[in-house]
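Asker: These protein sequence lines are chains C and P, in that order.
Quick note: the first sequence uses the working numbering, first residue 1, plus one each step.
Quick note: the second sequence uses the working numbering, first residue 462, plus one each step.
Rather than coming from a laboratory, the hints here were simulated on the basis of the structure.
Possibly wrong hints are sitting among the right ones.
To be verified - Each pair of labels, with its calculated beta carbon distance range:
1) C:His432 to P:Lys833: 55 to 61 angstroms
2) C:Lys199 to P:Lys833: 35 to 41 angstroms
3) P:Thr764 to C:Glu67: 31 to 37 angstroms
Using N, Cα and C, we set each Cβ at its ideal position, and we do this for glycine too.
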Amino acid sequence: MAIEVKVPSLGESISSGILASWKVKDGDAIDRDQVLYELETDKITSEGIAESAGTISLKVEEGAEVEVGQVVAVIDPDGNGKADSSSARAKDKKMDGEDDKSKASSKSEDEEPSDSSDKKSTDEEKPSSRHKSSDTSESAEPSGATDQATALPPSVRRLAAESGVDPSSVEGSGKGGRVTKGDMLAAIEKQEKAEEDEKSRSREKQAADKDDAPASERDAPKPSQAPADERESRRKLSPLRQKVAQRLVSSQQQMATLTTFNEVDMTAVRTLRARHQEDFTARHGIKLGFMSFFIKAVVQALQAVPALNARIEGDTLVEQRYYDIGVAVSTDRGLMVPVVRDCDQLSFAAIEERLAAFAKKAREGKITLDDLQGGVFTISNGGVFGSLLSTPIINPPQSGILGMHTIQDRPVAVDGKVEIRPMMYLALTYDHRLVDGREAVTFLGHVKRAVEDPARLLFGL
Amino acid sequence: MDTFDLVIIGAGPGGYVAAIRAAQLGLKTALVEKRSTLGGTCLNVGCIPSKALLHLSAQFAFVADEKAAAAAGIKTKEVSLDLAALMKRKNAMVGGLVKGVGTLVEKRGVEVVRGTGRLGGDNKVVVKPEDGGDEVRLAAKAILLATGSVPVELPFLKFDGKTVISSDHAIALDKVPEELVVVGAGAIGLELGSVWARLGSKVTVVEMLPRIAAGFDEEVARHLQRSLGRQGLTFELAAKVTGLNAAKGKKKAVLTAERDDQKLTFPADQVLVAVGRRPATRDLGLEDAGVELDDNGRIKTNTTFQTTAKGIYAIGDLIAGPMLAHKGEEEGVAVAEILAGKPGEVDHNLVPNVVYTEPEAASVGLTEAAAKEKGLDVRIGKFSFGANGRAIATGATEGFAKVVADAKTDRILGVHLLGHHTSELIAEAVAHMTYGGSAEDLGRTIHAHPTLSEALKEAGLAVSKSAIHAL
Numbered sequence: 001m002a003i004e005v006k007v008p009s010l011g012e013s014i015s016s017g018i019l020a021s022w023k024v025k026d027g028d029a030i031d032r033d034q035v036l037y038e039l040e041t042d043k044i045t046s047e048g049i050a051e052s053a054g055t056i057s058l059k060v061e062e063g064a065e066v067e068v069g070q071v072v073a074v075i076d077p078d079g080n081g082k083a084d085s086s087s088a089r090a091k092d093k094k095m096d097g098e099d100d101k102s103k104a105s106s107k108s109e110d111e112e113p114s115d116s117s118d119k120k121s122t123d124e125e126k127p128s129s130r131h132k133s134s135d136t137s138e139s140a141e142p143s144g145a146t147d148q149a150t151a152l153p154p155s156v157r158r159l160a161a162e163s164g165v166d167p168s169s170v171e172g173s174g175k176g177g178r179v180t181k182g183d184m185l186a187a188i189e190k191q192e193k194a195e196e197d198e199k200s201r202s203r204e205k206q207a208a209d210k211d212d213a214p215a216s217e218r219d220a221p222k223p224s225q226a227p228a229d230e231r232e233s234r235r236k237l238s239p240l241r242q243k244v245a246q247r248l249v250s251s252q253q254q255m256a257t258l259t260t261f262n263e264v265d266m267t268a269v270r271t272l273r274a275r276h277q278e279d280f281t282a283r284h285g286i287k288l289g290f291m292s293f294f295i296k297a298v299v300q301a302l303q304a305v306p307a308l309n310a311r312i313e314g315d316t317l318v319e320q321r322y323y324d325i326g327v328a329v330s331t332d333r334g335l336m337v338p339v340v341r342d343c344d345q346l347s348f349a350a351i352e353e354r355l356a357a358f359a360k361k362a363r364e365g366k367i368t369l370d371d372l373q374g375g376v377f378t379i380s381n382g383g384v385f386g387s388l389l390s391t392p393i394i395n396p397p398q399s400g401i402l403g404m405h406t407i408q409d410r411p412v413a414v415d416g417k418v419e420i421r422p423m424m425y426l427a428l429t430y431d432h433r434l435v436d437g438r439e440a441v442t443f444l445g446h447v448k449r450a451v452e453d454p455a456r457l458l459f460g461l
Numbered sequence: 462m463d464t465f466d467l468v469i470i471g472a473g474p475g476g477y478v479a480a481i482r483a484a485q486l487g488l489k490t491a492l493v494e495k496r497s498t499l500g501g502t503c504l505n506v507g508c509i510p511s512k513a514l515l516h517l518s519a520q521f522a523f524v525a526d527e528k529a530a531a532a533a534g535i536k537t538k539e540v541s542l543d544l545a546a547l548m549k550r551k552n553a554m555v556g557g558l559v560k561g562v563g564t565l566v567e568k569r570g571v572e573v574v575r576g577t578g579r580l581g582g583d584n585k586v587v588v589k590p591e592d593g594g595d596e597v598r599l600a601a602k603a604i605l606l607a608t609g610s611v612p613v614e615l616p617f618l619k620f621d622g623k624t625v626i627s628s629d630h631a632i633a634l635d636k637v638p639e640e641l642v643v644v645g646a647g648a649i650g651l652e653l654g655s656v657w658a659r660l661g662s663k664v665t666v667v668e669m670l671p672r673i674a675a676g677f678d679e680e681v682a683r684h685l686q687r688s689l690g691r692q693g694l695t696f697e698l699a700a701k702v703t704g705l706n707a708a709k710g711k712k713k714a715v716l717t718a719e720r721d722d723q724k725l726t727f728p729a730d731q732v733l734v735a736v737g738r739r740p741a742t743r744d745l746g747l748e749d750a751g752v753e754l755d756d757n758g759r760i761k762t763n764t765t766f767q768t769t770a771k772g773i774y775a776i777g778d779l780i781a782g783p784m785l786a787h788k789g790e791e792e793g794v795a796v797a798e799i800l801a802g803k804p805g806e807v808d809h810n811l812v813p814n815v816v817y818t819e820p821e822a823a824s825v826g827l828t829e830a831a832a833k834e835k836g837l838d839v840r841i842g843k844f845s846f847g848a849n850g851r852a853i854a855t856g857a858t859e860g861f862a863k864v865v866a867d868a869k870t871d872r873i874l875g876v877h878l879l880g881h882h883t884s885e886l887i888a889e890a891v892a893h894m895t896y897g898g899s900a901e902d903l904g905r906t907i908h909a910h911p912t913l914s915e916a917l918k919e920a921g922l923a924v925s926k927s928a929i930h931a932l
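Bound conformation, chain C alone (with noise of 0.2 angstroms):
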């Protein structure tokens, strides 16, 4: 029987994801646990894994949206190989009376050949130019369109083919939204027209930099097919770099997103950590770090200004009474932010364990989708690069993010007397919408005073 092979659940928030590439292709034979699909997500990029041995065949196409529990490839796992030649072959040996298991054995074999050259073609076609793969003779495929492909009318597929055009990025006007080749014709004469402009403004460029702009206009070529320009390159955005982008606008243009700024005198933490590191160090095996002093000081903070610990639902306002704080890492796919669980109950060193412990798995790209469900508050260190000071984005639905910066030593009055701190700007982007500039401005003091007395964090004061 033949054994779906569906989306998994990818936590609470999410629903959807992209395919961002096959590992297999249609017809393959495949081992249990073998690797099938990548699939992205706006957080994390995580790995399909075969449940079943059998043959594969896809059902979407590579960089499709699907959906939790959509049916992505159906593993057959009677499946003998490549399914048009062997299965046939495998067919004319049952009529010679082998049994199943000799025709298990017969699959390597048969494999072999065909496996290679799928290989090759693999390689050389891009999901894209399915269409004009009919030309070449040796495209296994059927001629024409097939599975989602049929959905769409043939003059659309047609316009498609010619264009280059994507009708699922076109906006239908026929019945239950279908595209019509009416749209179609009107999303090629737009992407026409962006071109004409695009090359209209490169000719003037070129007219402004070339003295013999009319010999070289007429045979500039088309954007689309130019080659790579020295003054700059173009390459697609990827699926993940594309909804980082949605997420970030949208969380700008969907909150009353304000800025409020202090400064922090790190000379508490320093003297502290000069003091305690080693007999910590001794005794849990982990370094004491600043980003623990920041946990414990924004829980305390959050205790203090429950609206910060808060989010909007719908019109519901939902109060949080647990402090899941996410803490940004930058890593090789972009930034994550994984969350560290009830601060409020960890100590010191659990929660440096954490820390590290995210650190190992995104620099091995093994954050999973867990790691990062959940949080109610982000802390943000841009410091580890040098910032001096920075205006965080909120990370929806979190109603707060706190920026940390560089230490800078700096000349401050302290008591009536200049002295040289090191200081620290700190940043609390913050949900207007559900936060009031006093609690705002409250929480950050907070916070500056947990860090600059780390005392107070000892008495819950």
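Fit chain P to the given chain C structure using the hints.
Answerer: The following block gives chain P in isolation, referenced to the frame of chain C:
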């Protein structure tokens, strides 16, 4: 007294379909009908019996035409008509169908109440049994009026069922009239005129407009008129009927008319008045219930088919739009779905219309003229059945397919067909248009070969001048 979720007055195609759909959706439904059989005008005295007569009369006409029969290899001798047997056959066809509808409705759990229904106020429907028994009152959460329409009577040509007849009579004559004059060249007049012409009548069609088949594409109408003319029908267009001189002794009745001050006379054994139908709104108690009519005498409804009285709905011939069974059916489904809390809707721009003559005229959407009147820039694709393989092999080369498409988007705006069985072909055009299809989509859809439907495909291709079997 039980309260029904829905009480429907009238068991025609609109009413009985609404009843079935409502029952499917779990509504407790009653269907009030004064006829002894369900199906209303359409099944009992309209669409279905006339289609049966068109089929039976075409069979007779074919064998009665010695030359045509001989050319087809059929030798005939003294072919004669047994009208009583033909009518019996027609009645059997109708009888089987209405019985089937009755079974469908009852098996769905719809309560059929026999008698004439009217609004009784206070969410009640009063049913007066035809046998004179006591009136029944049905309480309803919602009431659906679906009483359909009746033939329009001309004041100077009152129906008497003998000389001056309506379509109700014209489907059940016991003698073939020697001379039949049909007043009105719409679908009913042309279809019943064809029936009696095939059975031997000399048929004259008198029409006030300068054309036949009003509402259809002009080219379609022109070709249809010529074709019917060849079949023996005489057309007197732009002629206004003025009266009837009754028969006297051996002298036949004479229909009088005038055209440009010129007096016309048409001797007739019978005069079929088929100038249209009017909504059956009388005696429904509309006024007391607060149900208002529009300027054309149709019941006013909003987009959810609700009348000006709360909880009272109306569909089909009673309300605005073409008086067609399938339009009423879709509206019936929509009302049932709306009452069940679902989004019921009808796209009134996509109601197909057919004249079941031979050849058949079938149409949906905008005509070329209507599109141009709207200021739309259109392109036309046409293909003749004369170049269609199946049409040739069937001996049905008359007519053509015509596609009207938007010049810019190529979207199909209208399709107009004249030819054999085009009533079946038009469904494909409606389907394409329902999904916003373009002429190219029609042309790129695979059609079985050889079929008449290929002419429609070729007409789609012809919009971009790429028809294969045409120059």
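Asker: For His432 (chain C) and Lys833 (chain P), compare the CB-CB distance with the range 55 to 61 angstroms and indicate the outcome.
Answerer: holds, 58 angstroms
Asker: Look at the Cβ atoms of Thr764 (chain P) and Glu67 (chain C) and judge whether their distance stays inside 31 to 37 angstroms.
Answerer: holds, 33 angstroms
Asker: Note whether the CB distance of Lys199 (chain C) and Lys833 (chain P) lies within 35 to 41 angstroms or breaks it.
Answerer: holds, 37 angstroms
Checked against the numbered hints above, the structure violates none of them.
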